[in-house]
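Protein chains in written order, with UniProt numbering: chain A, 1 to 223; chain B, 1 to 521.
A few of these clues could be false.
[What the hints assert, rightly or not] With a Cα cut of at most 25 Å, we get these calculated BS3-like pairs of lysine-lysine:
| # | chain 1 | residue 1 | chain 2 | residue 2 |
| --- | --- | --- | --- | --- |
| 1 | A | Lys61 | B | Lys457 |
| 2 | B | Lys435 | B | Lys386 |
| 3 | B | Lys383 | B | Lys366 |
| 4 | B | Lys367 | B | Lys383 |
| 5 | B | Lys405 | A | Lys61 |
| 6 | B | Lys96 | A | Lys49 |
| 7 | B | Lys435 | A | Lys33 |
Hint data in this document are derived by calculation from the structure and do not stem from the laboratory.
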Amino acid sequence: MAGNKGRGRAAYTFNIEAVGFSKGEKLPDVVLKPPPLFPDTDYKPVPLKTGEGEEYMLALKQELRETMKRTPYFIETPEERQDIERYSKRYMKVYKEEWIPDWRRLPREMMPRNKCKKAGPKPKKAKDAGKGTSLTNTADVLKKIEELEKRDDGEKSDEENEDKEGSKEKSKEGDDDDDDDAAEQEEYDEEEQEEENDYINSYFEDGDDFGADSDDNMDEATY
Amino acid sequence: MTQAEIKLCSLLLQEHFGEIVEKIGVHLIRTGSQPLRVIAHDTGTSLDQVKKALCVLIQHNLVSYQVHKRGVVEYEAQCSRVLRMLRYPRYIYTTKTLYSDTGELIVEELLLNGKLTMSAVVKKVADRLTETMEDGKTMDYAEVSNTFVRLADTHFVQRCPSVPTTENSDPGPPPPAPTLVINEKDMYLVPKLSLIGKGKRRRSSDEDAAGEPKAKRPKHTTDNKEPIPDDGIYWQANLDRFHQHFRDQAIVSAVANRMDQTSSEIVRTMLRMSEITTSSSAPFTQPLSSNEIFRSLPVGYNISKQVLDQYLTLLADDPLEFVGKSGDSGGGMYVISILTTCHLLSSFLSRFGSRCARIFRLVLQKKHLEQKQVEDFAMIPAKEAKDMLYKMLSENFMSLQEIPKTPDHAPSRTFYLYTVNILSAARMLLHRCYKSIANLIERRQFETKENKRLLEKSQRVEAIIASMQATGAEEAQLQEIEEMITAPERQQLETLKRNVNKLDASEIQVDETIFLLESYH
Chain A
1 MAGNKGRGRA
11 AYTFNIEAVG
21 FSKGEKLPDV
31 VLKPPPLFPD
41 TDYKPVPLKT
51 GEGEEYMLAL
61 KQELRETMKR
71 TPYFIETPEE
81 RQDIERYSKR
91 YMKVYKEEWI
101 PDWRRLPREM
111 MPRNKCKKAG
121 PKPKKAKDAG
131 KGTSLTNTAD
141 VLKKIEELEK
151 RDDGEKSDEE
161 NEDKEGSKEK
171 SKEGDDDDDD
181 DAAEQEEYDE
191 EEQEEENDYI
201 NSYFEDGDDF
211 GADSDDNMDE
221 ATY
Chain B
1 MTQAEIKLCS
11 LLLQEHFGEI
21 VEKIGVHLIR
31 TGSQPLRVIA
41 HDTGTSLDQV
51 KKALCVLIQH
61 NLVSYQVHKR
71 GVVEYEAQCS
81 RVLRMLRYPR
91 YIYTTKTLYS
101 DTGELIVEEL
111 LLNGKLTMSA
121 VVKKVADRLT
131 ETMEDGKTMD
141 YAEVSNTFVR
151 LADTHFVQRC
161 PSVPTTENSD
171 PGPPPPAPTL
181 VINEKDMYLV
191 PKLSLIGKGK
201 RRRSSDEDAA
211 GEPKAKRPKH
221 TTDNKEPIPD
231 DGIYWQANLD
241 RFHQHFRDQA
251 IVSAVANRMD
261 QTSSEIVRTM
271 LRMSEITTSS
281 SAPFTQPLSS
291 NEIFRSLPVG
301 YNISKQVLDQ
311 YLTLLADDPL
321 EFVGKSGDSG
331 GGMYVISILT
341 TCHLLSSFLS
351 RFGSRCARIF
361 RLVLQKKHLE
371 QKQVEDFAMI
381 PAKEAKDMLY
391 KMLSENFMSL
401 QEIPKTPDHA
411 PSRTFYLYTV
421 NILSAARMLL
431 HRCYKSIANL
441 IERRQFETKE
451 NKRLLEKSQR
461 VEAIIASMQA
471 TGAEEAQLQE
481 IEEMITAPER
491 QQLETLKRNV
501 NKLDASEIQV
511 DETIFLLESY
521 H
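Use the sequences and the hints to build the structure in full.
Written as structure tokens, this is what we have:
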């Protein structure tokens, strides 16, 4: 019963013929290593389909890939500081449109808690519309601001001020979208760096409108 | 989610959205639903970046959120939706064939941006189309809107769930996250806008009430003259509808292959008639009377009613049961899966050889076969048959079924039958497909990275040439610049381009396979 494994003959517990091997036939050796990385295939694969549709889809695919890299949804990894500041890097930076999601559809915790409320929850519409249309009137904007004021009941005066500041600055820069973008991006970059520094977090709570704002509703006193 | 799927998702996210989004996305796919802080902690990324990444993912319908008790919001990723990104070119191309360039661009914008309001879509598409038109001509918003409405009517685009309206203003503190709702009948309701051509004032006549904000912020106004009329009403591409379309196409072509053109037209008509009435996962279409079919046949086909009846009978009698009589007048959806799976598996098995394919088809047909019977029926010498059977067995395409003759299951007195379990074989094949696409993508990225220097050089040279041509340079100068790329380099570029194209094309086709296999579940 211990199975006479010796003598070089394997003994099977079942009738080998049932599975199709005749007695004494040479069976393939036991494989003791992992299969090769690129095994030879006996047969060539079926050739790819070609046709107008397939070609079009191919071109589309490659185009989409490139386009996606340029959308604001493609978030680049922030590179580490280089030892030498390369001159060419400045000119190879791709300026992307800033995308601001519709905050109404997202959980509140998604809104970046900025000290600078300008880069924060500004409506996406404002940005989009502001880009495409022609330069807006300052008068128009002031009218809007008045409307805003009327509607704002329980709002902090802080936010109002910043709103005004924000939209004013926006309209002034109006046409010059690139600058706007760069400015916003730069501000945001500054933001990120600022946030990592605890010191600034706890002792300074201001926006870019430092000095221009009233400090009425600040939670902490500035020392 | 299998490892292969996760790997593929990771590659796709990285290619389309960058590494940060990829990290967050893959983490969510692996671990299921999690709140914000836990994500940040586990992935080691700053809270700010996690927020940005989540915003992007939510915008593209890849991640959804839910408010749990005690106000904790948890985020969950949809792995299958991420895998759909492979199919974007196919969706766009299909729309092109159905609705021409305008429709194509609409769907493309929707897919690229996740979700958009109708006015935003119309504007973007009109701008893009105008760019391709001759100088002086502009694309009218009205035409784009019309195409949009047609897409909505045929359900290719649908509305996203929106923030529910509140009657009174802010009853206490708003919840941590809005719960988005969508009414079934509103899903394809297009807001009444009349957007007038490029550059002119945009007038809005009516607006739909949905989408009033519940936010504490005042209603934001734009720098523009009026607020956008369909603010808050977002649209997205309806992928299920596309899938239904693909499935119908597959059925029709299968019928055409098996029978003739006319019968495929009949089936196509039947399917089109039940397009909107049948949900995409139903096994059978609604019963259609032959009169209805007769009336709906396309104009060019003047076959008499009798002939139509004959065709229908023929289809109904076909052993593959595409069409069944009365009670179940469209078994097509179920059958197509079986049919195409066999087809696929056979062609896959051509990797193992046509004889393997023969054996496979045989076992499939006869359900269970013994070793000896396989040899006999397939007319293949015993040794080869054995070899192939075991190969297929080891790859899990076949399985063994034991039938004991005696109660003690003694192996020497048991029948061993080979059988094919389609479902598991399909699943295995699907798994392999995912792996192969992941391999294809990796290889493509590798090839591109290897030749990065060369690619950049050629891009620079092209840019130089283009700018020189614009400023009117001489032929000799252009020649000189072109020679900056040496001949062997040029050849290298050619090879690279060919390889990348082949890899891309393979990706697209493997995805077709994936589609068929997935619809089998």
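Status of the hints after comparison with the structure:
1. A:Lys61 - B:Lys457: Measuring from Cα to Cα gives roughly 23 Å; hence the hint holds.
2. B:Lys435 - B:Lys386: violated (28 Å)
3. B:Lys383 - B:Lys366: Given that 25 Å is the threshold and the Cα spacing comes to 21 Å, the pair holds.
4. B:Lys367 - B:Lys383: holds (22 Å)
5. B:Lys405 - A:Lys61: This hinted pair is violated, its Cα atoms lying about 58 Å apart.
6. B:Lys96 - A:Lys49: holds (20 Å)
7. B:Lys435 - A:Lys33: Holds, because 22 Å separates the two Cα atoms, which is no more than 25 Å.
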